[in-house]
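Colleague: These are the residues of each chain, in order.
Number of protein chains: 2
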Amino acid sequence: MLEKADGARAWDTLERSYRTRLARGAAFATGKTVRAGDIVPFLEAVIEPHDRVCIEGNNQKHADFLAASLAKTSTETIHDLHIVQSNLALPPHLDVFERGTARRLDFCYAGPQGLRMARLVAEGKIEVGAIHTYLELYSRYFCDLTPHVSFVAADAADADGNLYTGPNTEDTPAIVEATAFKSGVLIAQVNRLVDRVPRVDVPGDWVSFVVEAPKPHYIEPIFTRDPAVITEVQVLMAMMVVRGIYEKYGVARLNHGIGFDTAAIELILPTYAEDLGLKGKICRYMSVNPCPTLIPAIESGFVEGIHCAGSELGMEAYTAARSDVFFIGRDGTMRSNRIFCQLAGHYADLFIGSTLQIDLEGNSSTATLSRITGFGGAPNFGSESRGRRHGSEPWLKAGAEQRREGAMPRGRKLVVQMVETFGDGMSPTFVERLDAWELQKTFDMPLPPVMVYGDDLTHLVTEEGIANLLLCDTLEEREQAIRGVAGYTPVGLARDREMVARLREKGAVQYAEDIGVDKRLATRDLLAARSIKDLVAWSGGLYDPPSRFRNW
Amino acid sequence: MLEKADGARAWDTLERSYRTRLARGAAFATGKTVRAGDIVPFLEAVIEPHDRVCIEGNNQKHADFLAASLAKTSTETIHDLHIVQSNLALPPHLDVFERGTARRLDFCYAGPQGLRMARLVAEGKIEVGAIHTYLELYSRYFCDLTPHVSFVAADAADADGNLYTGPNTEDTPAIVEATAFKSGVLIAQVNRLVDRVPRVDVPGDWVSFVVEAPKPHYIEPIFTRDPAVITEVQVLMAMMVVRGIYEKYGVARLNHGIGFDTAAIELILPTYAEDLGLKGKICRYMSVNPCPTLIPAIESGFVEGIHCAGSELGMEAYTAARSDVFFIGRDGTMRSNRIFCQLAGHYADLFIGSTLQIDLEGNSSTATLSRITGFGGAPNFGSESRGRRHGSEPWLKAGAEQRREGAMPRGRKLVVQMVETFGDGMSPTFVERLDAWELQKTFDMPLPPVMVYGDDLTHLVTEEGIANLLLCDTLEEREQAIRGVAGYTPVGLARDREMVARLREKGAVQYAEDIGVDKRLATRDLLAARSIKDLVAWSGGLYDPPSRFRNW
Chain R
1 MLEKADGARA WDTLERSYRT RLARGAAFAT GKTVRAGDIV PFLEAVIEPH DRVCIEGNNQ
61 KHADFLAASL AKTSTETIHD LHIVQSNLAL PPHLDVFERG TARRLDFCYA GPQGLRMARL
121 VAEGKIEVGA IHTYLELYSR YFCDLTPHVS FVAADAADAD GNLYTGPNTE DTPAIVEATA
181 FKSGVLIAQV NRLVDRVPRV DVPGDWVSFV VEAPKPHYIE PIFTRDPAVI TEVQVLMAMM
241 VVRGIYEKYG VARLNHGIGF DTAAIELILP TYAEDLGLKG KICRYMSVNP CPTLIPAIES
301 GFVEGIHCAG SELGMEAYTA ARSDVFFIGR DGTMRSNRIF CQLAGHYADL FIGSTLQIDL
361 EGNSSTATLS RITGFGGAPN FGSESRGRRH GSEPWLKAGA EQRREGAMPR GRKLVVQMVE
421 TFGDGMSPTF VERLDAWELQ KTFDMPLPPV MVYGDDLTHL VTEEGIANLL LCDTLEEREQ
481 AIRGVAGYTP VGLARDREMV ARLREKGAVQ YAEDIGVDKR LATRDLLAAR SIKDLVAWSG
541 GLYDPPSRFR NW
Chain F
1 MLEKADGARA WDTLERSYRT RLARGAAFAT GKTVRAGDIV PFLEAVIEPH DRVCIEGNNQ
61 KHADFLAASL AKTSTETIHD LHIVQSNLAL PPHLDVFERG TARRLDFCYA GPQGLRMARL
121 VAEGKIEVGA IHTYLELYSR YFCDLTPHVS FVAADAADAD GNLYTGPNTE DTPAIVEATA
181 FKSGVLIAQV NRLVDRVPRV DVPGDWVSFV VEAPKPHYIE PIFTRDPAVI TEVQVLMAMM
241 VVRGIYEKYG VARLNHGIGF DTAAIELILP TYAEDLGLKG KICRYMSVNP CPTLIPAIES
301 GFVEGIHCAG SELGMEAYTA ARSDVFFIGR DGTMRSNRIF CQLAGHYADL FIGSTLQIDL
361 EGNSSTATLS RITGFGGAPN FGSESRGRRH GSEPWLKAGA EQRREGAMPR GRKLVVQMVE
421 TFGDGMSPTF VERLDAWELQ KTFDMPLPPV MVYGDDLTHL VTEEGIANLL LCDTLEEREQ
481 AIRGVAGYTP VGLARDREMV ARLREKGAVQ YAEDIGVDKR LATRDLLAAR SIKDLVAWSG
541 GLYDPPSRFR NW
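Residue numbers (full-length UniProt numbering), protein chains in the order written: chain R, 1 to 552; chain F, 1 to 552.
Be a bit skeptical, because a hint or two may be false.
Given that identical chains are not distinguished, each listed pair holds provided it fits within a single copy or across any two copies.
With a straight-line Cα cutoff of 20 Å, these simulated EDC-like cross-link-like pairs (lysine to aspartate or glutamate) come out [claimed, not checked]:
(1) Lys397 / Asp473
(2) Lys441 / Glu393
(3) Lys281 / Asp144
(4) Lys72 / Glu212
(5) Lys279 / Asp144
(6) Lys397 / Asp444
(7) Lys279 / Glu247
(8) Lys519 / Glu232
(9) Lys72 / Glu44
(10) Lys397 / Glu505
It is worth saying that the hints were derived from the structure and are not from the lab.
Generate coordinates for the entire structure from the input sequences, incorporating the hints supplied.
Modeller: Printed below as a string of C-alpha cells:
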C-alpha cells in the first residue's frame with residue numbers, strides 16, 4: 001500500500017506567492033520603507049482577493065493609517081478579504097465591509113462599532129465566522145486562520161525593519177509570529193523612522209515593509225478610572241471582597257478586570273487592607289494593564305509585581321521608574337505582551353471583574369440587545385484553568401470547598417463577579433433570562449454569547465453580600481444563593497427566605513456583618529486616592545494623565 | 001488618608017543588580033562573547049546565591065554545556081539557587097541539588113531522572129515547589145517565578161547576540177522574554193558563532209552573553225516512532241478512532257499526543273480514512289511536533305497545516321521543503337514555538353493521547369510508583385478549554401451530547417485517551433485506584449498527580465471499544481461505560497452486563513461492529529508506512545532519520 005510522494009505537487013505556493021508580492025510591493029518602497037503617499041497602490045500590489053488579513057486593533061493600539069488606507073483601495077483589485085482581527089474599534093474597520101473590500105470576519109470585540117456591525121451583518125455585508133476570546137483568536141492564527149497579510153503598529157522602525165513598540169507591545173508578537181513564519185506579508189506602520197531603535201521588539205528579519213504614518217497611531221486610554229467617580233457602594237463591595245475573598249483564601253496572584261468596582265479594591269489596599277495586616281499576604285502579583293488606580297497600592301509596597309497585557313496612556317514614565325514592579329526592556333521602558341499576560345492571569349489564583357447581567361445559574365453577559373460586542377479577554381481570565389496542576393493556598397482552599405462528583409480532590413481557580421444589584425438606568429442586573437438568548441437568535445449565533453459561565457463562577461459580590469457558589473450543593477441552592485444577594489431586584493425579592501437563611505449558616509451566602517465588614521467605614525475616605533490629581537501626587541508626579549482626565 | 005510616596009525607596013534594585021552582574025561578567029567576555037574556558041568563573045561572577053535560575057531544558061533542546069558548568073561552580077559562591085526549569089533530563093540538572101548549588105525546584109517533567117530526584121527529595125536536598133504543566137510554568141515566569149538568570153540554547157549567534165535557534169525554537173521565546181524584560185541575565189550557549197545569523201529568532205538586544213559550547217547542544221528525538229513496532233491491536237484502535245470519533249464529529253483541528261497509538265492513526269489516514277472519503281474533512285490542522293509518522297498523511301494531502309512546539313531530529317530538510325504545511329522562517333527553515341503550539345492545541349477541537357493507568361472515574365495518570373515524573377504539556381492539550389467561545393462542528397456536537405446541569409447550552413472539547421486494556425508486563429491499565437494516590441503520600445504532594453481528569457475526558461478507546469463519557473448521565477453510568485471497554489482486566493470483568501448493554505443502546509459504549517469497523521481489516525497492511533525506511537521513501541528522501549532508527 002506504500003505510495004511514493006507525487007513529485008509534481010508544489011509545496012511552497014505560499015512562499016512563492018510571498019516573493020511575488022514582495023517584488024510587486026518593492027515598486028513603492030525604498031528598501032523596506034514604503035512611501036506613505038503610495039500606500040494605497042502599494043496595498044493593491046501586495047494584497048490579493050480572498051486573502052486573510054489581520055489589522056492590528058488591540059484594546060489600545062491601532063494600525064489606523066493602514067486600516068484607513070485599506071478602505072481606500074480599489075474593490076476591483078482587492079475584494080472578498082477575510083478579516084481576522086481582535087478589536088473592531090474604528091470606522092474604517094467596518095468601511096472595508098460596507099464597500100466590499102472584505103466579506104468574512106473573525107474577531108473578538110466590537111465595542112462602539114457593534115451597532116453598525118449588527119446592521120452590516122443584517123444586510124449580508126459581513127459574514128461573521130465566530131466571536132472569539134483573545135487567546136482563541138491568536139491560537140487560530142497558528143491553526144486555520146493564519147493571515148496572508150498583517151498590519152501592525154509600532155512606535156519606531158529602522159531601515160532594516162526592526163520595530164520598537166514602546167510600552168504598547170500588546171498583541172504585536174502574536175500577529176507577527178503567525179504571519180512572518182507562514183510566508184505572510186508583514187506591514188508595520190510606525191510613528192517615526194529612526195537610525196537605531198531604542199530596543200528591538202520585533203526583529204527586522206520578520207518584517208516585510210515599514211511605512212511612516214502621517215500621524216502617530218491611534219491609542220485609547222481604556223484602563224483609566226477616575227477615583228472621583230467611585231461610590232460608597234463600590235467601597236463597601238470592595239471591603240467585602242478584601243475580607244470575604246482575598247483575606248479568606250490568601251489571594252496573592254490575580255487579575256483585575258476593568259471598571260470602577262475593581263478600581264475601588266485597588267484604592268483600599270493601602271488603607272483598609274493595610275489596617276487588616278494584609279500587606280505581603282494578598283495582591284502581590286498581578287496580570288493587568290498599568291491601571292493608574294494601582295499606583296497607591298504599588299507605592300505602599302502592596303503590589304510587588306505586575307505583568308501587563310498592554311500599557312496605559314500617561315503611565316509611561318511611572319512604569320519606567322518602577323522597574324522592580326513592571327516588566328521593562330533593556331532601554332528602560334515597559335514591555336507588554338497580551339499573550340503572556342493572559343496566560344499568567346489564566347493560571348493565577350483569582351479573576352475578578354464586573355458584568356452587566358447575571359442569570360439564576362450565575363451565567364453573566366455584557367451583551368446588549370441590538371449590538372454585537374464580544375468577549376475580549378475576560379473569558380480567558382475568568383474561566384477555570386483545567387490544565388493547571390500546581391498547588392497554592394487559595395487554589396487548594398477553593399478546591400476543598402467545591403462540591404464535585406467523584407473522589408478525586410482538585411484545586412479550583414477563584415472566579416468572582418462584582419455587580420450592583422441595579423445597573424445604569426436602574427435596570428436590574430439579575431434576570432431570569434439573559435439578553436444573550438435574544439442576541440443568539442438575532443445574529444444567528446450557535447450559542448448565546450455568555451462572558452463567564454455559571455459553572456466557572458465561584459463568587460458573586462453585590463452590595464448586599466457574597467454568594468459563594470462553591471458551597472452550593474444543588475442547582476436550586478445555587479439559584480437561592482444568587483437570589484440571596486440580589487437585593488431588591490425582582491430576582492432578589494423572590495428568594496426563598498428559609499433556604500437563604502440555611503445557605504447563610506453554611507457560608508454560601510455572607511453579608512457584611514458575617515465577615516466582619518463594618519459598613520460604617522464604607523465611605524470615600526477609605527480610598528487612598530480620591531481623584532486623578534491624588535494619583536498624580538502618589539506617583540510623585542510621574543503619572544501624566546491624558547488631558548481629558550485633568551480637571552484641576 | 002492620602003500619603004505621598006516615600007521618595008527614599010529604591011524601585012530599580014533589579015536593574016542595578018543587572019548592571020553590576022553585567023560588569024562582573026564582562027571580565028570574562030569580549031563584547032557579549034564569553035570565552036568557553038572561562039565559563040565557570042563567569043557563572044560565579046553573574047549568579048548570586050538564592051537566585052531563581054532557569055536552565056532551558058525542553059522536550060528536546062538542552063542548554064547542556066551551561067547546565068554542566070553550573071554544576072562545577074563553587075558552592076561557596078553560588079548556593080541555594082531556586083531552579084525554575086521545565087524538563088529535568090540530564091544528570092547535571094540534579095547534580096546542582098546534590099552538591100548544594102541549588103535547593104528549591106519548580107519544574108514540569110523529570111522522566112528518566114525521576115528516580116534520582118525522588119531520592120534527593122527524600123534526603124532533603126531538593127525542596128519541590130510544585131510540578132507544573134508547560135504553560136503554567138511559563139506563565140509563572142511572568143508572575144512570581146521570574147528568573148534572575150536564564151540559560152538558553154541556540155544553533156548560532158552573531159557578535160551582537162542575535163540568536164538563530166533553527167527549527168528547535170521551542171521554549172526559548174518564553175524564557176527569553178520573561179528574563180530579558182525583568183532585568184535578568186540571559187546567557188545563550190550556541191553551537192557556532194557566525195558573522196550573520198540565517199535569521200533572527202531572538203534579538204541580540206535581549207541577550208546578555210553568548211558562549212560557543214565545545215559541543216553542539218544536546219537534542220533528543222523523542223517524537224520518532226518506528227512503524228515496524230505498531231501492532232494490529234493498535235491498528236484496530238486507530239480505525240475505531242477514525243470512524244467513531246474523527247468521522248462522527250468531523251474533527252479537523254486537533255493535537256496528537258506522543259506514542260504508537262496515535263502514530264497508528266496517522267499511518268492509516270492515507271489508507272483507511274482516505275477510502276472512507278474523509279480527506280479534506282478530518283485532520284486538516286494539527287498542533288504537534290513534526291512526527292515522522294505524519295509524513296504519509298502530509299504527502300497524501302490529508303494534513304494541510306501543522307504548527308510545531310519543537311522540531312524532531314531528521315525532519316529538518318523535510319519540514320523546510322513543505323513550507324505550505326509547516327511554519328517556516330524567511331530563511332527557509334522551520335520555526336517552532338511551544339507556547340503558541342500549546343495554545344493552538346488547547347483551543348482546537350480534539351486532543352488524543354495515551355496513558356498508563358485509568359481509574360473508574362476516568363482519571364488517568366502516567367505517574368509510576370517510586371519516581372517523580374510530571375505532566376509536560378498533556379494537561380494543557382488534554383483539558384476542557386473553558387475560555388473558548390467560537391463554535392465549530394465537532395465542538396458544538398460534543399457540547400450537544402454532553403450531560404450538564406442547567407439550561408445554558410455549551411460547546412465541548414473532545415478529550416480522548418487511547419489505551420490497551422493491559423499494558424507492559426500484562427499489568428492492567430484499568431485500576432480501582434490510581435498509583436497517583438500512593439505517590440501523593442510518598443512525595444507529600446497537595447493532590448494526587450493526575451494527568452487528565454475524568455471530567456475533562458470525553459472518550460476512552462481500547463481494543464474492546466469506545467466509551468463515550470459525554471452520554472453518561474451519572475457517575476455510575478460513567479463507571480460502567482469504562483468497565484464496558486476494560487476487556488479482561490479485573491475492572492472489565494466486574495462490569496454490570498445489563499447496564500453496559502443499556503449504555504451500548506444509547507451509544508455510551510460502542511464496539512467495532514457498532515460503528516462499522518471491520519476487524520478483519522485491522523492488519524499492518526493498513527499502515528501507509530510499515531518501517532522507518534518506508535517513511536524515508538514517502539518523504540522522497542527528505543527525511544533523514546537518526547542512525548539508531550536506521551536498520552537497513
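Colleague: Which holds for Lys279 with Asp144 at a C-alpha limit of 20 Å: within a copy, between copies, both or neither?
Modeller: Between copies only: 16 Å across, 46 Å inside.
Colleague: What label fits Lys397 with Glu505 when the C-alpha limit is 20 Å: within, between, both, or neither?
Modeller: Intra 19 Å, inter 41 Å, cutoff 20 Å: intra-copy only.
Colleague: With 20 Å as the alpha-carbon cut-off, assign the pair Lys519 and Glu232 to within, between, both or neither.
Modeller: Close inside one copy (10 Å), not across copies (71 Å); limit 20 Å.
Colleague: Between the shortest in-copy and the shortest cross-copy C-alpha distance, which are at most 20 Å for Lys281 and Asp144: within, between, both, or neither?
Modeller: between (43 Å within a copy, 13 Å between copies)
Colleague: Given identical chains, is Lys72 near Glu44, meaning Cα to Cα at most 20 Å, within a copy, between copies, both, or neither?
Modeller: Classified as within; 10 Å inside a copy, 60 Å across copies.
Colleague: Check Lys397 against Asp473 for me: Cα-Cα at most 20 Å, and say if that holds within a copy, between copies, both or neither.
Modeller: For Lys397 and Asp473, the Cα distance is within 20 Å only inside one copy (17 Å; across copies 28 Å).
Colleague: Give the relationship of Lys72 and Glu212 under a CA distance limit of 20 Å: within one copy only, between copies only, both, or neither.
Modeller: within (18 Å within a copy, 51 Å between copies)
Colleague: Which holds for Lys279 with Glu247 at a C-alpha limit of 20 Å: within a copy, between copies, both or neither?
Modeller: within (10 Å within a copy, 55 Å between copies)
Colleague: Have a look at Lys397 and Asp444 and pick one of within, between, both or neither, based on CA distance no larger than 20 Å.
Modeller: between (41 Å within a copy, 17 Å between copies)
Colleague: State whether the alpha carbon distance between Lys441 and Glu393 is at most 20 Å within one copy, between copies, both, or neither.
Modeller: between (43 Å within a copy, 18 Å between copies)
Against the hints set out earlier in the document, no violation occurs for any number.
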